[in-house]
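Work the whole structure out from these sequences, hints included.
Line order of the protein sequences matches chains A and B. If you're matching positions, the first sequence starts at 1 in my numbering and goes up one per residue. If you're matching positions, the second sequence starts at 1 in my numbering and goes up one per residue.
Treat the hints with caution; some may be incorrect.
Residues of chain B clear of chain A, computed beta-carbon distances all greater than 12 Å [stated by the list, open to error]:
no.	residue
1	PHE32
2	ASP144
3	SER146
4	ALA156
5	SER296
6	VAL327
7	PHE374
8	GLN392
9	ASN415
10	VAL465
11	PRO468
Pulled a few chain A residues facing chain B out of the computed Cβ check, cut under 7 Å [unchecked claim]:
no.	residue
12	PRO80
13	HIS81
14	MET87
15	PHE106
16	ARG111
Between beta-carbon pairs, the in silico distance windows are [stated by the list, open to error]:
no.	chain 1	residue 1	chain 2	residue 2	range
17	A	THR62	B	THR457	16 to 24 Å
18	B	PHE467	A	THR179	34 to 42 Å
19	A	GLN17	B	LEU358	20 to 28 Å
Just so you know, these hints were derived from the structure itself, not from any lab. It should be emphasised that the depicted structure is a prediction, and the values quoted were computed from it without experimental measurement. The beta-carbon is built from N, C-alpha and C at its ideal position, and this holds for glycine as well.
Here are the chains, one letter per residue:
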Amino acid sequence: MATATDERAFVEFERVQKSYDGETLVVKDLNLSMPKGEFLTMLGPSGSGKTTCLMMLAGFETATHGDIRLDGNPINNIPPHKRGIGMVFQNYALFPHMTVAENLSFPLEVRKMGKSDREAKVKRALDMVQMGAFGGRRPAQLSGGQQQRIALARALVFEPELVLMDEPLGALDKQLRETLQFEITRLAHDLGITVVYVTHDQTEALTMSDRVAVFEAGRIQQLAPPDELYEAPINSFVAQFIGENNTLEGVVTAIEGEACTVKLDSGDIIDAKPVNVSSVGERTKVSIRPERVEFNRERLHADAHTLKAEVLEFIYMGDIFRTRLRVAGTDDFIVKTRNAPDQRRLTPGEQIEIGWLPEDCRALDA
Amino acid sequence: MTDATGPIVAADGRPLKVSLNRALRREKLRAFLLILPLLAFVVISFIAPIFDMLFRSVQDDITSRTLPQTVVALNDWDYTGEALPSEQTYEALYYDMFMAAEAKKHTALGSRLNYETTGISSLFRQTGRALDDVGEDVIEAMEDASAAFDDSAFWAGLFLTEDRSAGNNAASTRAWASTVSNQALRLPADVYLSNAAEAALPNAARQYAAFAMFTHTVDEDVPAEEDPWEAVWMALAQDLTAGALTYDGPETADLLAAQTAVAGPMAGFAFTDAFLEQDEDWGDASVWGTIQTFSSPYTAGYFLTAIDLELTPDGAQAVEDDVAIYVTLFWRTMWMSMTITFSCILLGYPIAWLMANLPDRSANLIMILVLLPFWTSLLVRTSAWKVLLQQQGVINDVLVWVGLVGDGSRLALINNATGTIIAMTHILLPFMILPLYSVMKGIPPSYLRAAKSLGATNWTAFWRVYFPQSVPGIGAGSILVFILSIGYYITPEIVGGTKGVFISNRIAYHISSSLNWGLAAALGTILLVVVLALYWAYDRIVGIDNVKLGG
Ligand SMILES: Nc1ncnc2c1ncn2[C@@H]1O[C@H](COP(=O)(O)OP(=O)(O)OP(=O)(O)O)[C@@H](O)[C@H]1O
Ligand SMILES: [Mg+2]
Numbered sequence: 001m002a003t004a005t006d007e008r009a010f011v012e013f014e015r016v017q018k019s020y021d022g023e024t025l026v027v028k029d030l031n032l033s034m035p036k037g038e039f040l041t042m043l044g045p046s047g048s049g050k051t052t053c054l055m056m057l058a059g060f061e062t063a064t065h066g067d068i069r070l071d072g073n074p075i076n077n078i079p080p081h082k083r084g085i086g087m088v089f090q091n092y093a094l095f096p097h098m099t100v101a102e103n104l105s106f107p108l109e110v111r112k113m114g115k116s117d118r119e120a121k122v123k124r125a126l127d128m129v130q131m132g133a134f135g136g137r138r139p140a141q142l143s144g145g146q147q148q149r150i151a152l153a154r155a156l157v158f159e160p161e162l163v164l165m166d167e168p169l170g171a172l173d174k175q176l177r178e179t180l181q182f183e184i185t186r187l188a189h190d191l192g193i194t195v196v197y198v199t200h201d202q203t204e205a206l207t208m209s210d211r212v213a214v215f216e217a218g219r220i221q222q223l224a225p226p227d228e229l230y231e232a233p234i235n236s237f238v239a240q241f242i243g244e245n246n247t248l249e250g251v252v253t254a255i256e257g258e259a260c261t262v263k264l265d266s267g268d269i270i271d272a273k274p275v276n277v278s279s280v281g282e283r284t285k286v287s288i289r290p291e292r293v294e295f296n297r298e299r300l301h302a303d304a305h306t307l308k309a310e311v312l313e314f315i316y317m318g319d320i321f322r323t324r325l326r327v328a329g330t331d332d333f334i335v336k337t338r339n340a341p342d343q344r345r346l347t348p349g350e351q352i353e354i355g356w357l358p359e360d361c362r363a364l365d366a
Numbered sequence: 001m002t003d004a005t006g007p008i009v010a011a012d013g014r015p016l017k018v019s020l021n022r023a024l025r026r027e028k029l030r031a032f033l034l035i036l037p038l039l040a041f042v043v044i045s046f047i048a049p050i051f052d053m054l055f056r057s058v059q060d061d062i063t064s065r066t067l068p069q070t071v072v073a074l075n076d077w078d079y080t081g082e083a084l085p086s087e088q089t090y091e092a093l094y095y096d097m098f099m100a101a102e103a104k105k106h107t108a109l110g111s112r113l114n115y116e117t118t119g120i121s122s123l124f125r126q127t128g129r130a131l132d133d134v135g136e137d138v139i140e141a142m143e144d145a146s147a148a149f150d151d152s153a154f155w156a157g158l159f160l161t162e163d164r165s166a167g168n169n170a171a172s173t174r175a176w177a178s179t180v181s182n183q184a185l186r187l188p189a190d191v192y193l194s195n196a197a198e199a200a201l202p203n204a205a206r207q208y209a210a211f212a213m214f215t216h217t218v219d220e221d222v223p224a225e226e227d228p229w230e231a232v233w234m235a236l237a238q239d240l241t242a243g244a245l246t247y248d249g250p251e252t253a254d255l256l257a258a259q260t261a262v263a264g265p266m267a268g269f270a271f272t273d274a275f276l277e278q279d280e281d282w283g284d285a286s287v288w289g290t291i292q293t294f295s296s297p298y299t300a301g302y303f304l305t306a307i308d309l310e311l312t313p314d315g316a317q318a319v320e321d322d323v324a325i326y327v328t329l330f331w332r333t334m335w336m337s338m339t340i341t342f343s344c345i346l347l348g349y350p351i352a353w354l355m356a357n358l359p360d361r362s363a364n365l366i367m368i369l370v371l372l373p374f375w376t377s378l379l380v381r382t383s384a385w386k387v388l389l390q391q392q393g394v395i396n397d398v399l400v401w402v403g404l405v406g407d408g409s410r411l412a413l414i415n416n417a418t419g420t421i422i423a424m425t426h427i428l429l430p431f432m433i434l435p436l437y438s439v440m441k442g443i444p445p446s447y448l449r450a451a452k453s454l455g456a457t458n459w460t461a462f463w464r465v466y467f468p469q470s471v472p473g474i475g476a477g478s479i480l481v482f483i484l485s486i487g488y489y490i491t492p493e494i495v496g497g498t499k500g501v502f503i504s505n506r507i508a509y510h511i512s513s514s515l516n517w518g519l520a521a522a523l524g525t526i527l528l529v530v531v532l533a534l535y536w537a538y539d540r541i542v543g544i545d546n547v548k549l550g551g
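Put into structure tokens, the structure is as follows:
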């Protein structure tokens with residue numbers, strides 16, 4: 001779970017709880033610690049408390065319980081405008097009655113910066129997001145992507161050390177998202193700022209972040225770098241939530257160190273790696289990534305357990321083939337194979353045998 | 001794109017635009033037909049009265065309607081201050097007035113002209129009563145000459161005929177008499193004005209026709225059974241003295257006898273003298289000047305009155321200070337409406353802000369409180385203010401009790417401008433709050449948060465970010481409140497005393513008490529123009545697109 005607090009932590013949540021109505025906890029026991037310069041993404045389904053965490057950090061909501069520290073100082077008692085945290089809102093929140101340049105110079109004006117300094121900084125910020133020519137326009141005269149860049153520039157123009165972004169790319173189309181994802185990471189890296197980024201798009205989370213915090217029901221389910229999150233989910237929620245995943249249910253029949261066998265509900269026996277199970281007889285959900293499933297018998301260990309499968313559907317997707325199988329009673333077992341010259345194309349109705357390396361199949365909580 | 005390839009053509013070969021218009025036209029027509037009844041209703045019941053009012057404010061045909069011949073006769077006369085009009089004018093006045101007096105229209109004209117020159121009203125009333133006495137001795141002479149003149153049937157036999165080929169329907173008389181009496185007069189069916197009598201005795205024939213029409217249409221009597229008016233006798237006397245009698249009929253002998261008899265009295269008779277004898281004011285040139293000034297069917301007089309000028313025979317002049325009220329009233333209406341609008345902004349803004357930012361339950365409660373006044377009668381609310389504000393009222397009592405004012409120096413909060421401003425601010429407040437609320441409701445809270453996250457204090461965030469976005473609501477509320485208050489009537493009437501009434505109270509007075517509708521219309525028109533001008537100015541300065549009644 002959450003990493004232990006260390007003295008280099010820049011942003012810290014300690015045992016933070018939040019309730020809006022006094023009946024339900026929207027955030028339950030949140031512990032989080034970020035070093036300076038980190039790009040951390042909060043990923044989770046709708047209503048899992050991501051925005052709430054961000055709002056507590058920004059100072060628009062107060063934690064019901066627990067401490068939030070910025071650079072070692074508790075910020076619970078600092079009013080929002082003194083926190084010096086840049087924020088990018090999901091709906092951009094560009095002031096409609098000001099021009100783009102006025103929007104950008106607003107944070108500088110309230111900091112009593114001189115006119116020439118302001119103009120220089122605004123220009124630099126606009127150039128940074130490649131919007132130098134748009135200073136005189138009103139937000140309503142910009143496209144969604146352009147507004148997003150301006151919102152980003154406005155959050156960065158006063159050089160905050162910490163920037164919060166709440167689903168900043170939510171309303172944009174795929175291509176624009178990808179461009180902006182790249183720009184945001186580049187800027188964050190170049191400026192050395194610490195970023196807390198909220199999204200529900202897992203690709204976005206995986207591609208942009210140093211670490212990802214997966215939220216569910218007010219808790220961080222796993223906090224880990226993207227590769228670890230994908231390859232080593234620590235529970236079935238994370239496994240399901242991140243990437244595509246095949247799940248089979250059964251009971252643990254034997255555990256030997258880093259390997260175990262699971263008897264599926266259909267009666268079949270498979271090999272797995274125990275992650276969240278500790279004793280024989282425990283129910284478990286095993287998870288296998290579609291690209292780790294093998295149906296070429298020669299590539300498996302000689303003594304590996306295999307399952308019988310019937311091909312239901314073969315989908316040609318260009319770079320990969322996606323095959324849907326009936327395995328151990330489920331109809332939605334997916335196998336992905338690379339479109340390589342020697343790759344075998346399965347045909348529907350075909351009976352095959354599938355298997356995997358034990359370490360690719362993770363036995364998680366039921 | 002059209003210049004390179006020519007207009008785009010639809011499947012049937014017509015230009016696409018033409019085809020599209022054709023297709024749309026039928027739909028538009030159907031839509032239009034659907035709303036047509038409503039449109040007609042709106043035009044008839046809302047737009048038409050406005051134009052009627054605009055028209056009334058310049059329409060002033062009462063003089064030209066009531067005294068049509070006099071007005072024509074006056075064309076040749078110039079007002080110099082001394083010279084009186086000609087005898088023909090007095091003659092025309094006699095016949096016009098006689099007809100008007102019979103139709104009881106002369107007093108209305110008298111009241112109308114009395115707005116301009118005091119005394120005309122009573123002059124007209126007295127003259128109307130005394131017209132029967134004009135030419136008394138002439139009429140007596142005729143009666144003495146032949147007993148036939150006392151027989152109603154004799155007159156009818158002389159002037160009327162049932163033979164269509166020998167008579168006419170007296171069209172010009174009919175037009176004149178109908179105008180003066182302001183109703184459609186006509187001769188009885190199958191009765192005509194005798195051509196022979198009209199040729200020989202034109203004046204008398206005309207007056208008799210008028211008498212006959214009026215008797216038939218208004219009194220619903222048979223002309224042959226009624227004694228003709230004195231005006232008919234006088235007209236006959238004039239005809240008989242004009243020259244040799246050319247009439248040839250059974251009545252010739254009686255007419256000849258009368259001709260001889262009236263020669264004496266008529267020799268010394270003049271309408272001018274007759275009128276001067278009735279009332280010496282008829283010798284006052286300014287009375288005639290007034291009649292002439294207002295003889296045009298259109299006048300700028302009401303508008304001039306409405307800005308404290310008056311139309312005199314010498315041109316427009318400022319009225320004396322002690323009767324000049326309208327400019328003061330307009331000015332007062334303006335500044336008080338602005339004060340009320342401003343107070344509504346001051347009070348309404350925080351309430352609307354609260355409503356927009358509280359949770360729904362509390363906001364609804366406040367909304368109910370805001371709307372509560374709408375559920376009680378305006379009269380009750382205003383009267384309640386009377387109770388609260390009077391010198392021995394609740395507010396003064398509390399102030400005295402607290403010790404803020406002495407018992408001897410209780411504040412005058414009612415029957416003056418203060419009372420009107422307080423009561424009207426209360427009554428019009430919802431019209432400010434509602435548009436403000438709906439605009440504020442549409443301002444996402446994230447703007448304020450964004451401002452604060454950018455380092456703005458609460459006040460800066462409000463003033464630089466929230467307030468500018470709520471300005472359209474202020475605009476809409478102000479326009480509503482200002483326009484409503486500028487035309488407000490009941491509240492100033494009840495709590496305004498004399499120092500707190502508005503121009504609309506004056507308009508109401510002229511509509512219901514003084515019955516000077518023309519002036520009321522002129523005042524209303526000025527009010528309308530002022531409002532439109534302000535609206536235009538607002539559009540130029542703030543922009544009417546910036547007015548939002550809803551989020
Ligand atoms: N102001 C509020 N008052 C009461 N409940 C709230 C408030 N804001 C959020 N909640 C509740 O708190 C929970 C978490 O909300 P939050 O906005 O943090 O979710 P989220 O993870 O940001 O979701 P999304 O991805 O949809 O934005 C939700 O169940 C929501 O209904
Ligand atoms: Mg959210």
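Against the structure, the hints:
Distance check for B/PHE32 against chain A: the nearest CB is about 34 Å away, which clears 12 Å, and the non-interface claim stands. With a cut of 12 Å on Cβ distances, B/ASP144 stays outside the contact zone with chain A, its closest approach being about 97 Å. Remark: the non-interface label on B/SER146 is consistent with the geometry, its nearest Cβ contact in chain A lying 97 Å away (cut-off 12 Å). Interface exclusion of B/ALA156 from chain A stands, the closest Cβ pair being 86 Å apart, more than 12 Å.
Every beta carbon of chain A lies more than 12 Å from that of B/SER296, the smallest distance being close to 55 Å; the non-interface claim holds. The claim that B/VAL327 is not at the interface with chain A holds, since no C-beta of that chain comes within 12 Å of its own (minimum 40 Å). Every Cβ of chain A is farther than 12 Å from the Cβ of B/PHE374; the closest lies at roughly 33 Å, confirming the non-interface assignment. Distance check for B/GLN392 against chain A: the nearest CB is about 51 Å away, which clears 12 Å, and the non-interface claim stands.
At roughly 45 Å from the closest C-beta of chain A, the C-beta of B/ASN415 stays outside 12 Å, upholding its exclusion from the interface. Distance check on B/VAL465: its Cβ comes as close as 6 Å (rounded) to a Cβ of chain A, failing to clear the 12 Å threshold; non-interface status is violated. Remark: the non-interface label on B/PRO468 conflicts with the geometry, its nearest Cβ contact in chain A lying 5 Å away (cut-off 12 Å). Proximity of A/PRO80 to chain B holds as hinted, the smallest CB-CB distance being about 4 Å (cut-off 7 Å).
Given the 7 Å rule on beta carbons, the hint for A/HIS81 holds: about 5 Å separates it from the nearest Cβ of chain B. Taking 7 Å as the C-beta contact cut-off toward chain B, the hint placing A/MET87 at the interface holds, the least distance being around 4 Å. Satisfaction of the interface hint for A/PHE106 is found here, the shortest Cβ-Cβ separation to chain B being roughly 6 Å, below the 7 Å cut-off. Residue-level restraint check for A/ARG111 holds (minimum Cβ-Cβ distance to chain B is 6 Å; threshold 7 Å).
The supplied range of 16 to 24 Å is met by A/THR62 and B/THR457, whose beta-carbon atoms lie about 18 Å from each other. The given range of 34 to 42 Å is respected by B/PHE467 and A/THR179, whose C-beta atoms sit roughly 36 Å from each other. The hinted window of 20 to 28 Å between A/GLN17 and B/LEU358 holds, with their beta carbons roughly 25 Å apart.
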